[in-house]
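Engineer: Taking the hints into account, I'd like the entire structure generated from these sequences.
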Amino acid sequence: MTGSKKSKVKKADQQVREEHPQAAALMELHLAHELALFEREAFLAWLKPELELHLSVAREMPLSAFVDADQVKSVIARNVVDNEIPGAVAELAGDAAAQLFSSEMHKSTPLRDILPTAHFEEFVDKLLELPEQRKNGINHVIELPVYKDLISGVLYQAIIRYIYEENVLSKKVPGVASMLKFGKQMLDKTAPNLDGAVEENVRHYIAKNLVFILKESKAFLENSLTEEDIKTSTMELWDVLEDKTMSEFQQGMDSIDLSEFVVLGYEFWKTFRSSAYFRESYELVVDYFFQVYGESPLGTLLDDLMVTPDLMMREAEVFAPKVLEALKENGQIEQFLRRRLESFYFSKAALDCMSASS
Numbered sequence: 001m002t003g004s005k006k007s008k009v010k011k012a013d014q015q016v017r018e019e020h021p022q023a024a025a026l027m028e029l030h031l032a033h034e035l036a037l038f039e040r041e042a043f044l045a046w047l048k049p050e051l052e053l054h055l056s057v058a059r060e061m062p063l064s065a066f067v068d069a070d071q072v073k074s075v076i077a078r079n080v081v082d083n084e085i086p087g088a089v090a091e092l093a094g095d096a097a098a099q100l101f102s103s104e105m106h107k108s109t110p111l112r113d114i115l116p117t118a119h120f121e122e123f124v125d126k127l128l129e130l131p132e133q134r135k136n137g138i139n140h141v142i143e144l145p146v147y148k149d150l151i152s153g154v155l156y157q158a159i160i161r162y163i164y165e166e167n168v169l170s171k172k173v174p175g176v177a178s179m180l181k182f183g184k185q186m187l188d189k190t191a192p193n194l195d196g197a198v199e200e201n202v203r204h205y206i207a208k209n210l211v212f213i214l215k216e217s218k219a220f221l222e223n224s225l226t227e228e229d230i231k232t233s234t235m236e237l238w239d240v241l242e243d244k245t246m247s248e249f250q251q252g253m254d255s256i257d258l259s260e261f262v263v264l265g266y267e268f269w270k271t272f273r274s275s276a277y278f279r280e281s282y283e284l285v286v287d288y289f290f291q292v293y294g295e296s297p298l299g300t301l302l303d304d305l306m307v308t309p310d311l312m313m314r315e316a317e318v319f320a321p322k323v324l325e326a327l328k329e330n331g332q333i334e335q336f337l338r339r340r341l342e343s344f345y346f347s348k349a350a351l352d353c354m355s356a357s358s
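When the letters of the sequence shown are read in order and numbered with our numbering, they come out as residues 1 to 358.
To be clear, the hints were calculated from the coordinates, so they are not data collected in a lab.
If you're wondering where the values come from, they're calculated on a predicted model, not measured in any experiment.
Possibly wrong hints are sitting among the right ones.
[Unchecked claim] Each computed SDA-like pair below joins lysine to any residue, with the alpha-carbon atoms no more than 20 Å apart:
(1) Lys231 <-> His119
(2) Lys126 <-> Asp243
(3) Lys218 <-> Glu132
(4) Lys107 <-> Val16
(5) Lys244 <-> Lys135
(6) Lys208 <-> Ser247
(7) Lys73 <-> Tyr293
(8) Lys48 <-> Pro62
(9) Lys73 <-> Phe289
(10) Lys231 <-> Asp243
(11) Lys270 <-> Gly252
(12) Lys148 <-> Pro62
(13) Lys208 <-> Pro145
(14) Lys73 <-> Phe272
(15) Lys107 <-> Lys215
(16) Lys231 <-> Leu115
(17) Lys73 <-> Trp269
(18) Lys135 <-> Val146
(19) Lys231 <-> Arg112
(20) Lys328 <-> Leu311
(21) Lys218 <-> Leu150
(22) Lys270 <-> Arg78
(23) Lys218 <-> Ile151
(24) Lys215 <-> Lys322
(25) Lys73 <-> Ser56
(26) Lys73 <-> Arg273
(27) Lys322 <-> Arg134
(28) Lys218 <-> Arg134
Structural biologist: Given below as structure tokens:
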């Protein structure tokens, strides 16, 4: 609305008030009465019984009387899946994460202050109660090509070292170790292919027996390592880690790396939220929620969530006073109430009623 139009509206309103002084006076009294309610103490005193009254009524009504599963799914689809995520959100998240991870408070905090030893041990105990998952995990690790390469490489180095340095003969007979080393050097010079043949034979032997070696490795991990062994080793590792500070874990990673992780997480979320898995997951959860609570009295849900009038009042006492004060200072409360009351007091029905009674 332009300035000239606003001025015309104000003049028209002023003219109506002048033509109907009784309505204007009643409206001002009503306005003062309503504004008084928005003083801190008066508002909280009014809110408490109103909250208790309306909650007591709502407790007896089913949740489905207020909202149904399809409405909740639509809200999730619109606001979580379909709406574009502003780039400023990712930027803010990255900057906030950088502020946290670069703070002295964070960098000086030891791991045990974030994850107490008792909780870590509880996680370990729970994982040890899942032998089938542990067995499957071992099988998957052993089947990895990198594990096969690791075992082959370790065996190869061990056998070659044993041949040239650590065998029983070279240890028991004086001078043999030196002779073997000298002999290897001479072979390297005069018959390099012979030395290569030895190493190739070792590789061939390992490759031929790798299936057996992996089978034995699997049997050892499954049968020889008891739950007590695993827990002891895990807790020993924890003893090494628990006193390390966050700055020690972050060594080699700067704020740019952290920001890039935030961006990667942001890009993942944009893709994941559009997946069939995510849609079917939230629909399943919402349907289950309404199976449990949809036709039950709302009080059942409020009790399970421990939502009480006292809890709601505590939060209102924290936030309401500051919000009310800000809205009063900028005049928004008065303007809102004045618009609402004027539409009634200067309506034809109200003016006719006052004229008839005068």
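Engineer: Compare the structure with each hint and give your call.
Structural biologist: Against the structure, the hints:
Taken as a hint, the Lys231 and His119 pair is honoured in the structure, with Cα atoms around 14 Å apart against an allowance of 20 Å. Under the criterion of a C-alpha separation no larger than 20 Å, the hint pairing Lys126 with Asp243 is inconsistent with the structure, at around 23 Å. For the hint pairing Lys218 with Glu132, the CA-to-CA distance comes to about 14 Å; that is within 20 Å, so the pair holds. With a C-alpha separation of about 68 Å, the suggested pair Lys107 and Val16 falls outside the 20 Å cut-off, and the hint is violated.
Between the alpha carbons of Lys244 and Lys135 the distance comes to roughly 31 Å, so the proposed pair goes past 20 Å and is violated. For the proposed pair Lys208 and Ser247, the alpha carbon gap of about 47 Å is over 20 Å, so the pair is violated. Pair hint Lys73 plus Tyr293 holds up; C-alpha atoms about 16 Å apart against a cutoff of 20 Å. Distance check on the hinted pair: Lys48 and Pro62 sit about 23 Å apart at the alpha-carbon level, beyond 20 Å; violated.
Between Lys73 and Phe289 the alpha-carbon distance is near 12 Å, which keeps this suggested pair within the 20 Å criterion. Using a Cα cut-off of 20 Å, the hinted pair Lys231 and Asp243 holds, with the two alpha carbons roughly 19 Å apart. For the hint linking Lys270 to Gly252, the alpha-carbon distance of about 28 Å lies beyond 20 Å, and the restraint is violated. Between Lys148 and Pro62 the alpha-carbon distance is near 60 Å, which puts this suggested pair outside the 20 Å criterion.
Distance check on the hinted pair: Lys208 and Pro145 sit about 16 Å apart at the alpha-carbon level, within 20 Å; holds. Restraint check: the Cα-Cα separation between Lys73 and Phe272 comes to about 17 Å, which is no more than 20 Å; the hinted pair holds. For the suggested pair Lys107 and Lys215, the alpha carbons sit about 44 Å apart, so the restraint of at most 20 Å is broken. For the given pair, Lys231 sits about 17 Å from Leu115 by alpha-carbon distance, which is consistent with the 20 Å threshold.
The suggested pairing of Lys73 with Trp269 holds, with an alpha-carbon distance near 18 Å, which does not exceed 20 Å. Of the supplied pair hints, the one linking Lys135 and Val146 holds, its CA atoms being roughly 19 Å apart against a limit of 20 Å. Restraint check for Lys231 and Arg112: satisfied, since their Cα atoms lie roughly 18 Å apart, inside the 20 Å limit. For the proposed pair Lys328 and Leu311, the alpha carbon gap of about 26 Å is over 20 Å, so the pair is violated.
Annotation: proposed proximity of Lys218 to Leu150 holds, straight-line Cα distance about 14 Å (limit 20 Å). For the hint linking Lys270 to Arg78, the alpha-carbon distance of about 14 Å falls within 20 Å, and the restraint holds. Distance hint between Lys218 and Ile151 is fulfilled; the C-alpha atoms sit about 12 Å from each other, no more than 20 Å. For a cut-off of 20 Å, the pair hint linking Lys215 to Lys322 is broken: about 69 Å separates their Cα positions.
Taken as a hint, the Lys73 and Ser56 pair is broken in the structure, with Cα atoms around 28 Å apart against an allowance of 20 Å. At most 20 Å may separate the alpha-carbon atoms for a hinted pair to count; Lys73 and Arg273 meet this at roughly 13 Å. Under the criterion of a C-alpha separation no larger than 20 Å, the hint pairing Lys322 with Arg134 is inconsistent with the structure, at around 54 Å. The suggested pairing of Lys218 with Arg134 holds, with an alpha-carbon distance near 12 Å, which does not exceed 20 Å.
Hint check: violations occur at hints 2, 4, 5, 6, 8, 11, 12, 15, 20, 24, 25, 27; the rest are consistent with the structure.
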